[in-house]
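Protein chains in written order, with the working numbering: chain A, 1 to 206; chain B, 1 to 206; chain C, 1 to 248.
Honestly, the hints are just simulated from the structure, not real lab data. Please note that the accuracy of each hint is not assured.
Derived lysine to aspartate or glutamate pairs resembling EDC-like cross-links, with alpha carbons at most 16 Å apart [as the list claims (entries may be wrong)]:
1) LYS175/C <-> ASP152/C
2) LYS88/B <-> ASP152/C
3) LYS161/C <-> GLU84/B
4) LYS143/C <-> GLU84/B
5) LYS88/A <-> GLU112/A
So these bits of chain C aren't anywhere near chain B, every CB distance computed over 10 Å [said to hold, decoys possible]:
6) ALA73
7) PRO131
8) ARG132
9) VAL141
10) ARG142
11) LYS143
12) SER155
13) LYS161
14) ARG163
Okay, the calculated beta carbon distance ranges per label pair [to be verified]:
15) SER120/B <-> THR164/C: 43 to 49 Å
16) PRO105/B <-> GLU24/A: 44 to 50 Å
17) GLU54/A <-> ALA67/C: 35 to 41 Å
18) ASP92/C <-> PRO105/A: 31 to 37 Å
19) ARG59/C <-> GLU24/A: 44 to 50 Å
20) PRO105/B <-> THR164/C: 17 to 23 Å
21) VAL117/B <-> LEU150/C: 47 to 53 Å
Each residue gets a CB set at the ideal place from its N, CA and C atoms; glycine is no exception.
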Amino acid sequence: MSDSAHDPAFDIARTVEAVLFAAEAPLTINEIAAYVGEGVDIRAALRTLAAQYEGRGVHLVERGGRWHFQTAPDLAFVLRREREETRKLSRAAIETLAIIAYHEPVSRAEIEAIRGVQISSGTLDVLMAAGWVKPAGRREVPGRPLIYVTTPEFLAHFGLASRRDLPGIEDLRAAGLLDPVDTAFDSLHLESADESAYVEGSEGEL
Amino acid sequence: MSDSAHDPAFDIARTVEAVLFAAEAPLTINEIAAYVGEGVDIRAALRTLAAQYEGRGVHLVERGGRWHFQTAPDLAFVLRREREETRKLSRAAIETLAIIAYHEPVSRAEIEAIRGVQISSGTLDVLMAAGWVKPAGRREVPGRPLIYVTTPEFLAHFGLASRRDLPGIEDLRAAGLLDPVDTAFDSLHLESADESAYVEGSEGEL
Amino acid sequence: MTETLALHDYDDTLTLNIDGWEGPLDMLLAMARTQKVDLRAISILALVEQYLAFIERARALKLELAADYLVMAAWLAWLKSGLLLPRDPEVDPSPEELALKLQLRLERLQAMREGGARLLARDRLGRDVFPRGAPEGLRTVRKARWDATLYDLMSAYGVVKARTAPVFHVVHARKVLTLDEALERVSRLLGVAVNWTEISRFLPETDDPDLRRSALASSFLAALELARLGRADLQQAEAFAPLYLRRV
Chain A
1 MSDSAHDPAF DIARTVEAVL FAAEAPLTIN EIAAYVGEGV DIRAALRTLA
51 AQYEGRGVHL VERGGRWHFQ TAPDLAFVLR REREETRKLS RAAIETLAII
101 AYHEPVSRAE IEAIRGVQIS SGTLDVLMAA GWVKPAGRRE VPGRPLIYVT
151 TPEFLAHFGL ASRRDLPGIE DLRAAGLLDP VDTAFDSLHL ESADESAYVE
201 GSEGEL
Chain B
1 MSDSAHDPAF DIARTVEAVL FAAEAPLTIN EIAAYVGEGV DIRAALRTLA
51 AQYEGRGVHL VERGGRWHFQ TAPDLAFVLR REREETRKLS RAAIETLAII
101 AYHEPVSRAE IEAIRGVQIS SGTLDVLMAA GWVKPAGRRE VPGRPLIYVT
151 TPEFLAHFGL ASRRDLPGIE DLRAAGLLDP VDTAFDSLHL ESADESAYVE
201 GSEGEL
Chain C
1 MTETLALHDY DDTLTLNIDG WEGPLDMLLA MARTQKVDLR AISILALVEQ
51 YLAFIERARA LKLELAADYL VMAAWLAWLK SGLLLPRDPE VDPSPEELAL
101 KLQLRLERLQ AMREGGARLL ARDRLGRDVF PRGAPEGLRT VRKARWDATL
151 YDLMSAYGVV KARTAPVFHV VHARKVLTLD EALERVSRLL GVAVNWTEIS
201 RFLPETDDPD LRRSALASSF LAALELARLG RADLQQAEAF APLYLRRV
C-alpha cells in the first residue's frame, strides 16, 4: 500500500489503523489518542487512512465523532446474511425515530402532537432497547417532561456522520417543516396577512 | 491504496477483504469462495491482499489453512493501555508495611506476632505489587521462612533518605501515636459516665 | 377509499379494520395523498368531505369506530360548515385558519414519514455494512497507584504497638475508705471520744452511698482490729442493733 515504512506519519497511521481494527466499538479521537499517544495528530492520520481505504472492501468512516472501519456498502449483497433478518420496526417506531432524529431534543407530547396519536408504551422502549434513542434530561416547562435524543449508535447504525447528514434535513428546515404547526402558522399568517388584505381590498372595490 | 478500481482482480481482492474483515472466525479458502463466488481465484486475491497489507497496522495471515486479519504483532503494546488508579492501602497492608519498615528483615510469622493478627495472603502481594516490599532470602531457622525488607521505592515514596529517618518509638509516643486505644476509650467512657451521673444528680435535686 | 376498507365477519358483527391507520390524522394523510402528492396544493374541503363520507359509510354499515375517529369527524363537520357558510368575523380562529393548521399538520406528519423511510433505506450497520467480525479488543490495564503517606505509616505502627503493648489493668480509684485509713481515723476519733459512741459517728461525712458502705465496712474492721489490740471495747445490744465503741 505504501513503502514509506519509516515515515513517522506512516507509523502513526498504521498505529491508528491497528487500534481501530482491534476496537470493539467506534472510537473518538480522544480515545484513539489514549492508545496512540498524546500530542499526536490523530486527525491527520485518520484523513490519511480514510483516503487509503477509499474504494477498497473496507472503509474508514466517522459517525457522530467516532471512527470505525466497516465493509463497503456496495458489497452488501455479498455479505448480507439471510439468517440475520433484521426485526422489522413498526411504522409507529419508524415515525417516532424520525421525529426524534429530526427534532431532537423532543418530548413525548411533541412526538404525539406530530403523529396525531398517543405513543403506545412499547414504541419508545423498542427504540431505546435498540440503543438508538435515550432520554436527555427534562424540559423546563410545566410538568418537566422527559426529552429524548438520538445516540451515537443511531448515527453509526444509519451511516450518518452527524445529524446534519439526516436525509433532507436542510430542505425540511428551510421549508419550516421542522417548526411546530403554530410557529409555521404564525409566519405563514403574517406573510399572507398582507396578501389577503390586498385581496379583500380589491373585493371591496368591486 | 490502488487506483485499479475497475480491474476484476481488484474487485475480487476487495470482496475477499470485506468478507475476511466481517468474518467472526478465520475462514478457509472454500468458505471465502462461498461468499465471493465459485470459480474465482481466491488464492491469488489473498496473495494480493497479504502483499498490500504488509508493513501496515493490520496483517492478513494464514493459520492452519484459515485466513484472517490481525493487528500487527509489533503494535500489540499499543492495544493495551495502562491506567493509573489511586487507591488507598487497607489497614492491614499499611500496618504490615510499617512492621516490615521498623523491623526488617522480618518473616511473615514475625509480622503476625507483632501485629497480633494474622495477615491474609493478599496483603504482602499488594505491598510487593506496589514495589515497596520484596523478599530478601530465607531465615536459617526451622521451616526456612521467607523474610521481607522494604525497597528503595518505599523510601522514595515516603520521602525518606534511609530507614534511619523513620520516626523512632519516642517520636511516636511524643506525637501521641502510641496512646493505647483502650485508655483513650476508657477516658471517653468515664466522661460520659460522669455526665450521666451529673444528670441523674441534678434530677435528684429537684 | 373503499378498497382500503377491510371488512371482517366476526360473530355476525361487522368490524371496520382501521388498524392499518395510526389514528385519524394518519387516515386523513392517506386520503390527502390520493388527491395530490404536494400537500400544499390539496383541497382541505374536499379532504373533509372525503373523511366524512368514509365515516358515514362506516356508520351505515354499523361498523364500530374508535372514539377519536368520531371526534375528528365531528370537528371536521363543524369545520366544513364554517368553510361553506358566509364568513363570520367574530369567530376566532377562523375556519380558514383551522383548515390551514390541519394542512400544516399533515405536511409535518408526511415529512417525518418520508424521513423515516429514507433513514431505513440507508446502508445500515449490521444489514448492509458490517463492522469487524472478530475484533481483538482494546485492553485497559488498571495499574493501582497506592496512596499512603508517612503519617499513615507512623500512625499504623503506633496502632500496632499500642495494640500489642503489655496491658496494665488499672482499677479505677473508686471512692473507698481503706482499712489503713479507717484504722487511723477510728483511732484518732476514739482518742477524742469520751463515752460509748456509735460507729456511724466515726464515718466521714459523705452523700456517696458507695463510700459510706465502704467506710462502714472498713471502720467495722478497724474497730475489730482495735478491740483485738486491746485499745477499744465494743458493745451491741442485739443483732443489727447499733454498734458502740469506747476507748479502753
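- Query: Would the least Cβ to Cβ distance between LYS161/C and chain B come out above 10 Å?
  - Reply: 6 Å, violated
- Task: Take a look at whether the Cβ-Cβ distance between SER120/B and THR164/C falls inside 43 to 49 Å.
- Result: 18 Å, violated
- Message: Confirm or reject: VAL141/C is not an interface residue toward chain B, with every Cβ-Cβ distance exceeding 10 Å.
- Response: 5 Å, violated
- Task: Against chain B, does PRO131/C hold up as non-interface, every C-beta pair farther apart than 10 Å?
- Result: 8 Å, violated
- Query: Falls inside 17 to 23 Å, the C-beta gap from PRO105/B to THR164/C?
  - Reply: 19 Å, holds
- Item | ASP92/C paired with PRO105/A, Cβ distance criterion 31 to 37 Å | 33 Å, holds
- Is the nearest Cβ of chain B still more than 10 Å from the Cβ of ARG132/C? Given that some Cβ of chain B is not farther than 10 Å from that of ARG132/C, nearest at about 6 Å, it is violated.
- Regarding VAL117/B and LEU150/C, is the given constraint of 47 to 53 Å on their beta-carbon distance met? For VAL117/B and LEU150/C the Cβ distance comes to about 23 Å; the hint is violated.
- Quickly compare the C-alpha distance for LYS143/C and GLU84/B to 16 Å and report which way the hint goes. Distance of about 5 Å is within 16 Å: holds.
- Distance restraint evaluation - ARG59/C, GLU24/A, Cβ atoms, bounds 44 to 50 Å: Between ARG59/C and GLU24/A, where Cβ atoms are some 59 Å apart, the hint is violated.
- Item | Exclusion check [ALA73/C not at the chain B interface, CB over 10 Å] | Per Cβ check, ALA73/C is outside 10 Å of chain B; nearest 53 Å; holds.
- Does 44 to 50 Å hold as the CB distance between PRO105/B and GLU24/A, or does it fail? 47 Å, holds
When each numbered hint is compared with the structure, violations occur for hints 1, 3, 5, 7, 8, 9, 10, 11, 12, 13, 14, 15, 17, 19, 21.
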